[in-house]
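Generate coordinates for the entire structure from the input sequences, incorporating the hints supplied.
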Amino acid sequence: MSVKRCPQLLVRLKRQATNHAILRPIDNNLPLSGLRKKSGKNSSYILRDDIQARRQFGRVMEGLRQTNVHGKITTMFYTDHGEYLGDHGMVEKWPSGVSEVLAREPMITGGAGLPSGQVCDDVCEMVDLLPTVFELCEISEHFPHNGTSLMPSILARTKHPKMYAYTEGGSLTSEEPLLEQAPYPYDIKSVLQHEDTMLVGKVVSRRHKDWCYVYRLYEPAELYNRKPDIGKLQNLAADPLYADVVREIQAEMFQWTMETTDLLPFEKDARFPLVSLESPKEQYLRRL
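Per the UniProt record's numbering, the very first residue in the sequence shown carries number 1; after that it's consecutive.
Note that these hints are calculated values from the structure, not bench results.
This structure is a prediction, so every number in the text was calculated from the model and none was measured.
Treat the hints with caution; some may be incorrect.
Computed list of lysine to aspartate or glutamate pairs in EDC-like fashion (alpha-carbon distance at most 20 Å, straight line) [unchecked claim]: (1) Lys-209 / Glu-248; (2) Lys-162 / Asp-187; (3) Lys-209 / Glu-105; (4) Lys-202 / Glu-100; (5) Lys-162 / Glu-259; (6) Lys-227 / Glu-62; (7) Lys-227 / Glu-138; (8) Lys-162 / Glu-100; (9) Lys-202 / Asp-229; (10) Lys-162 / Glu-105; (11) Lys-189 / Asp-210; (12) Lys-268 / Glu-141; (13) Lys-227 / Asp-244; (14) Lys-209 / Glu-125; (15) Lys-159 / Glu-219; (16) Lys-162 / Glu-219; (17) Lys-159 / Asp-122; (18) Lys-232 / Glu-168; (19) Lys-227 / Asp-210; (20) Lys-159 / Glu-135; (21) Lys-209 / Glu-180; (22) Lys-202 / Asp-244; (23) Lys-209 / Asp-262; (24) Lys-209 / Glu-138; (25) Lys-232 / Glu-100; (26) Lys-162 / Glu-248; (27) Lys-202 / Glu-180; (28) Lys-189 / Glu-175; (29) Lys-162 / Asp-210; (30) Lys-162 / Glu-252; (31) Lys-232 / Asp-210; (32) Lys-189 / Glu-176; (33) Lys-72 / Glu-138; (34) Lys-227 / Asp-262; (35) Lys-202 / Glu-219; (36) Lys-159 / Glu-125; (37) Lys-202 / Asp-122.
Okay, the calculated beta carbon distance ranges per label pair [what the hints assert, rightly or not]: (38) Thr-158 / Val-69: 26 to 36 Å; (39) His-81 / Arg-226: 13 to 23 Å; (40) Glu-175 / Pro-106: 27 to 37 Å.
From the three backbone atoms N, C-alpha and C, an ideal C-beta is built for every residue, glycine too.
Next comes the structure, spelled out in structure tokens:
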């Protein structure tokens with residue numbers, strides 16, 4: 001959703017259920033005191049949730065330490081999405097929101113003999129968690145997916161092969177009748193999706209270390225230089241100086257769409273009924 005169209009009603013929303021967005025930097029230039037001033041009560045809610053999550057996670061780990069399987073267990077600690085804490089004048093999250101604070105998440109993993117103390121800043125996606133768990137648990141893959149295991153990066157510190165991370169969200173305007181009707185305290189947010197469905201229109205973003213490009217079905221595209229523009233405030237998508245960058249990214253996104261769409265299942269679908277008929281030769285011989 002473009003900044004100009006951010007609905008001010010969203011600031012009335014209360015906190016989202018437990019979310020650990022505070023574990024990663026909301027703004028590289030913003031100290032915690034500034035975070036509180038910037039987002040008011042919402043940051044205190046997240047801070048409280050973070051403390052509670054850490055406490056509960058600590059209880060789980062302490063319980064494992066008291067068993068004889070502790071050394072055999074691998075732990076992954078991550079969140080499903082981030083949170084607006086006053087960023088872009090917003091709080092909470094949004095179905096078509098692909099901002100850095102929503103899409104860039106931490107993952108902490110360890111145990112079962114994995115190397116400790118490593119930090120990796122390679123680009124990866126949440127779909128990569130699936131083959132990673134499969135490899136950790138020695139489970140053979142039995143359905144297609146778009147993930148790439150993170151184990152080579154974890155074990156050998158080799159670079160993860162993915163160069164880009166994609167984030168998708170939003171809906172078609174024709175899908176408005178199917179969108180959620182949420183109760184309080186999400187009723188205001190839910191109503192907005194029905195009153196102006198383009199606010200939650202389909203979106204896909206592509207990130208790598210230098211650029212973030214956002215394509216929206218019903219709103220203008222966005223292009224940000226991630227290194228100098230930490231806050232993603234200067235949209236360069238319509239700037240003629242960056243037309244070549246946009247075209248190159250669009251071509252890569254088109255290829256990604258072709259590569260990740262309509263994967264074949266590993267097993268045949270039961271599409272055809274069993275047919276057991278005599279061959280023409282057998283029918284001929286039977287009639288002799």
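The hints, checked one at a time:
About 15 Å separates the Cα atoms of Lys-209 and Glu-248, which keeps this hinted pair within 20 Å; it holds. Under the criterion of a C-alpha separation no larger than 20 Å, the hint pairing Lys-162 with Asp-187 is inconsistent with the structure, at around 39 Å. Proposed proximity of Lys-209 and Glu-105 is supported: the alpha carbons are some 15 Å apart, at most 20 Å. With a C-alpha separation of about 17 Å, the suggested pair Lys-202 and Glu-100 falls inside the 20 Å cut-off, and the hint holds.
At roughly 13 Å between alpha-carbon atoms, Lys-162 and Glu-259 fall within 20 Å of each other, so this suggested pair holds. Taking the CA atoms of Lys-227 and Glu-62, the gap is near 40 Å; set against the 20 Å cutoff, the hint is violated. Annotation: proposed proximity of Lys-227 to Glu-138 is violated, straight-line Cα distance about 39 Å (limit 20 Å). Proximity of Lys-162 to Glu-100 is assessed by CA-CA distance (about 18 Å); at most 20 Å being required, the pair is judged to hold.
Note on Lys-202 and Asp-229: the hinted pairing is violated, with a Cα-Cα distance of about 25 Å set against a maximum of 20 Å. Annotation: proposed proximity of Lys-162 to Glu-105 holds, straight-line Cα distance about 16 Å (limit 20 Å). Restraint check: the Cα-Cα separation between Lys-189 and Asp-210 comes to about 33 Å, which exceeds 20 Å; the hinted pair is violated. Straight-line distance between C-alpha atoms of Lys-268 and Glu-141 comes to about 15 Å, which keeps the hinted pair within the 20 Å bound.
The hinted pair formed by Lys-227 and Asp-244 meets the criterion: a straight-line CA distance of about 19 Å does not exceed 20 Å. Restraint check for Lys-209 and Glu-125: the C-alpha separation of about 14 Å stays at or below 20 Å, so the hint holds. Straight-line distance between C-alpha atoms of Lys-159 and Glu-219 comes to about 35 Å, which puts the hinted pair past the 20 Å bound. Straight-line distance between C-alpha atoms of Lys-162 and Glu-219 comes to about 28 Å, which puts the hinted pair past the 20 Å bound.
A C-alpha spacing of about 7 Å is found between Lys-159 and Asp-122, which places the hinted pair at or below 20 Å, so the restraint holds. For the given pair, Lys-232 sits about 18 Å from Glu-168 by alpha-carbon distance, which is consistent with the 20 Å threshold. Between the alpha carbons of Lys-227 and Asp-210 the distance comes to roughly 6 Å, so the proposed pair stays at or under 20 Å and holds. A hinted pair counts as satisfied when its Cα atoms are at most 20 Å apart, and Lys-159 with Glu-135 qualifies at roughly 17 Å.
Taken as a hint, the Lys-209 and Glu-180 pair is broken in the structure, with Cα atoms around 35 Å apart against an allowance of 20 Å. Distance check on the hinted pair: Lys-202 and Asp-244 sit about 24 Å apart at the alpha-carbon level, beyond 20 Å; violated. Taking the CA atoms of Lys-209 and Asp-262, the gap is near 28 Å; set against the 20 Å cutoff, the hint is violated. Of the pairs offered as hints, the one joining Lys-209 and Glu-138 is violated, with about 32 Å between alpha carbons and a cut-off of 20 Å exceeded.
Taken as a hint, the Lys-232 and Glu-100 pair is honoured in the structure, with Cα atoms around 8 Å apart against an allowance of 20 Å. For the proposed pair Lys-162 and Glu-248, the alpha carbon gap of about 17 Å is at most 20 Å, so the pair holds. At most 20 Å may separate the alpha-carbon atoms for a hinted pair to count; Lys-202 and Glu-180 meet this at roughly 16 Å. Proximity of Lys-189 to Glu-175 is assessed by CA-CA distance (about 17 Å); at most 20 Å being required, the pair is judged to hold.
For the suggested pair Lys-162 and Asp-210, the alpha carbons sit about 14 Å apart, so the restraint of at most 20 Å is met. For the hint pairing Lys-162 with Glu-252, the CA-to-CA distance comes to about 13 Å; that is within 20 Å, so the pair holds. A distance of roughly 12 Å separates the Cα atoms of Lys-232 and Asp-210; the hinted pair therefore holds under the 20 Å criterion. A C-alpha spacing of about 14 Å is found between Lys-189 and Glu-176, which places the hinted pair at or below 20 Å, so the restraint holds.
Of the pairs offered as hints, the one joining Lys-72 and Glu-138 holds, with about 13 Å between alpha carbons and a cut-off of 20 Å not exceeded. Distance restraint check for Lys-227 and Asp-262: the Cα-Cα separation of roughly 35 Å exceeds the 20 Å cut-off, and the hinted pair is therefore not satisfied. The straight-line distance between the Cα atoms of Lys-202 and Glu-219 is roughly 9 Å, inside the 20 Å bound, and the hint therefore holds. Between Lys-159 and Glu-125, the direct Cα distance comes to roughly 14 Å. Compliance with the 20 Å bound is thereby established for this hinted pair.
Between Lys-202 and Asp-122, the direct Cα distance comes to roughly 27 Å. Violation of the 20 Å bound is thereby established for this hinted pair. In this structure, Thr-158 and Val-69 meet the distance hint of 26 to 36 Å, their C-beta atoms being roughly 29 Å apart. Take His-81 and Arg-226: their Cβ atoms lie about 19 Å apart, and the range 13 to 23 Å holds. Roughly 32 Å separates the CB atoms of Glu-175 and Pro-106, a value that falls within the hinted 27 to 37 Å.
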